[in-house]
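Those letters in the sequence shown? Residues 1 to 49, by the numbering used here.
These aren't lab readings, by the way, just hints derived from the structure by calculation.
Hints may contain errors.
[To be verified] Here are the simulated distance ranges between beta carbons: (1) Gln11 x Val46: 27 to 35 angstroms; (2) Leu49 x Cys10: 48 to 56 angstroms; (3) Glu22 x Cys42: 45 to 53 angstroms; (4) Asp31 x Gln11: 25 to 33 angstroms; (5) Lys47 x Cys10: 48 to 56 angstroms; (6) Ser48 x Leu17: 43 to 51 angstroms; (7) Val46 x Asp21: 31 to 39 angstroms.
No residue lacks a Cβ here, since even glycine has one placed at the ideal position from N, Cα and C.
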Amino acid sequence: MLNTPKDCDCQQIRRQLQNFDEAMIHPTRTDLENAALFATECIEKVKSL
Numbered sequence: 001m002l003n004t005p006k007d008c009d010c011q012q013i014r015r016q017l018q019n020f021d022e023a024m025i026h027p028t029r030t031d032l033e034n035a036a037l038f039a040t041e042c043i044e045k046v047k048s049l
């Protein structure tokens, strides 16, 4: 827990907030297309065993 200003790593907090904000826009259409392709490839691999 942050108690004093000297304990505050403002750059780290900004990075964490930026990462959170960027994560909110996922999954994108490209993410979903890649997931579908991955799943299809996995199914085909299992079928070939």
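Here is how each hint holds up against the structure:
| no. | hint | verdict |
| --- | --- | --- |
| 1 | Gln11 x Val46: 27 to 35 angstroms | 46 angstroms, violated |
| 2 | Leu49 x Cys10: 48 to 56 angstroms | 53 angstroms, holds |
| 3 | Glu22 x Cys42: 45 to 53 angstroms | 27 angstroms, violated |
| 4 | Asp31 x Gln11: 25 to 33 angstroms | 28 angstroms, holds |
| 5 | Lys47 x Cys10: 48 to 56 angstroms | 53 angstroms, holds |
| 6 | Ser48 x Leu17: 43 to 51 angstroms | 45 angstroms, holds |
| 7 | Val46 x Asp21: 31 to 39 angstroms | 37 angstroms, holds |
Violated hints, in rising order: 1, 3; the structure is consistent with all others.
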